[in-house]
Amino acid sequence: MYVAVKGGERAIENAHAWLAEERRGDTDIAELSIAQIREQLSLAVNRVMAEGSLFDPDLAALAIKQARGDLIEAIFLIRAYRTTLPRFGTSTPVDTGAMACDRRISATFKDLPGGQVLGPTFDYTHRLLDFKLAADGEVPEAPARDAVPGDVPHVTDFLNREGLIEEAPHDDTPPPDLTREPLEMPADRALRLQALTRADEGFTLGLAYSTQRGYARNHAFVGELRIGSVPVEMEIPELGFAIEVGEVVLTECETVNQFKGSKTEPPQFTRGYGLVFGQTERKAISMALVDRALRWEELGEDNVGAPAQDAEFVLYHADNIQATGFLEHIKLPHYVDFQSELELVRKLRREAGADQVQEAAE
Amino acid sequence: MSAYNFAYLDEQTKRMIRRAILKGLAIPGYQVPFASREMPMPYGWGTGGVQVSAAVLTPEDTFKVIDQGSDDTTNAVSIRTFFERTAGVETTTTTSDASVIQTRHRIPEEPLQEGQILVYQVPIPEPLRFLEPRESETRKMHSLEEYGLMHVKLYEDISCHGHIATAYAYPVKVEGRYVMDPSPIPKFDNPKLGDMAAIQLFGAGREQRIYALPPYTEVVSLDFEDHPFEASKAEHACSLCGAEDSYLDEVIIDDAGGRMFVCSDSDYCESRQAAGHKGKDAA
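Residue numbers (my numbering), protein chains in the order written: chain A, 1 to 362; chain B, 1 to 283.
Treat the hints with care, as some may be off.
To be verified - Below, simulated DSS-like cross-link-like pairs (lysine-lysine); rule was C-alpha separation at most 30 angstroms, straight line:
#1 Lys-263/A with Lys-140/B
#2 Lys-347/A with Lys-173/B
#3 Lys-347/A with Lys-280/B
#4 Lys-153/B with Lys-347/A
Treat the hints as calculated values from the structure; they're not laboratory data.
Sequences and hints are given; from them, build the entire structure.
Here it is as structure tokens:
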């Protein structure tokens, strides 16, 4: 005898209780602290801050703990929290030229003012599992020296003096705000960059990689990659001047791209730009490549139909919170729709005589 | 939950959503872009409906949530609990007692009354989306009333299958102007959309669109003169309450493929049973 399904409420409560227990894991093992996650899983924390669009390492670490290390789930927690926060105002634009760089490299010049600074990079490590780390994670202190004083100029400015690279004219137009206005097409570059900086790292990487393999190839050189902290300043109306309210760590990537010229533009180098919260250089480089590919129209290039050139395709599918939600919603019950499809398929089969064929076979 | 505002969203956001709703009511069937917020439940799980409900709920309201017609499906439970916690409004499963009903995939069987609001959760608000994937193109098609593509698709269905092969989310035309997606309700529910006494609001969170049907709006399911629209359902009566006019779910009851048919609208079925109606398998 069938009775209508009841008890969803209790099932949900029990599932949540089980989830909490699984999150904690074996209670004989010490519990992770927020500080441990923040300090020792800092690149995960950075990704959550970047794609969550909220610079707060402690909150990101908490989200990672709560999400059992599922970073997209952690990003979701941060996004849902950030949307409830009151907005006190807007900072003045940060000046990445005044960045206190931990890392700053250029692939286009052997040496340059400000120097090449490798910083804390995996780049030249040999990817050999370090079994010593399993037993003892203590490390000797790394050698230190004083920072080179003064601003670190942008590499692209050197090229600009010769007129070899396209101008990036100064523009004080306030950028649109993706989190307060619906995304509408066509999207200008400021809006595209805003969407890309919080876009899923994997999706952005895949698109960027596709441009390197010929789907809208634009041969990018990393003109410069820099990681470091910049002060955030805000104009306080009562004071009448800007004061520093904090610091954020940013990764900035400027690519220099080959360009043979088009009907509207002379032969020159062109630019791609990436700017992301935290130490997130894979994402920043990917962003710069995708940004450059999306600029085909303003540079008068051909649309070769590559995915990375298609702003609607890129921007509407780059957000992992939208994507994962919609993808996973197909787990929800759909039996009403399915029932109507069942009726339809049965009707169509009846009329196509498929039922008789099956009966004959039996 | 005192850390959050009444019904979760802050008043500025609600005002923004209400403006979109009013615009939607003024232009029935037109998709109004709105700055959808990240909600504490995933996109695709009713965030559009939840934001619309949050914007229209007042402390005096009585709220009902159904998913697939039922108050007891897990996501309906989850959304109802959300508003119990964040708005403290009274909730109900009785259709006629509710002032705001949020729904996924069904319209209640019991006719709605003036003063009630029906809020639909919408996954893909664009009826032309699967014919043209580009938003910039489909918006143009709507503004030019360029719906030929849709008619061609329906015609192709008829020429290939003898029928229009759309069983749910069946497109409608509103007041002779906008072609609208009624959300994935079975086409059985389509005739209830038109001339309804209640306000109908549609919220698509991920796609950032709101649209609306004011009371007593003309809503016509697309069809052809020689292939008129037909609302269909399983040709059975409910096994529990005996209703012959309600939309039925098919339930598999044993390993041998045995099945029974029961009302998808759980409130309708239960109130009929309480009134003494009996189906063939009633206890």
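For each hint, the structure was consulted:
1. Our distance criterion of 30 angstroms between C-alpha atoms is met by Lys-263/A and Lys-140/B, whose separation comes to about 29 angstroms.
2. Annotation: proposed proximity of Lys-347/A to Lys-173/B holds, straight-line Cα distance about 26 angstroms (limit 30 angstroms).
3. Simply put, Lys-347/A and Lys-280/B have alpha-carbon atoms about 25 angstroms apart, close enough for the 30 angstroms limit, and the pair holds.
4. For the given pair, Lys-153/B sits about 19 angstroms from Lys-347/A by alpha-carbon distance, which is consistent with the 30 angstroms threshold.
Checked against the numbered hints listed earlier, the structure breaks none of them; every hint is satisfied.
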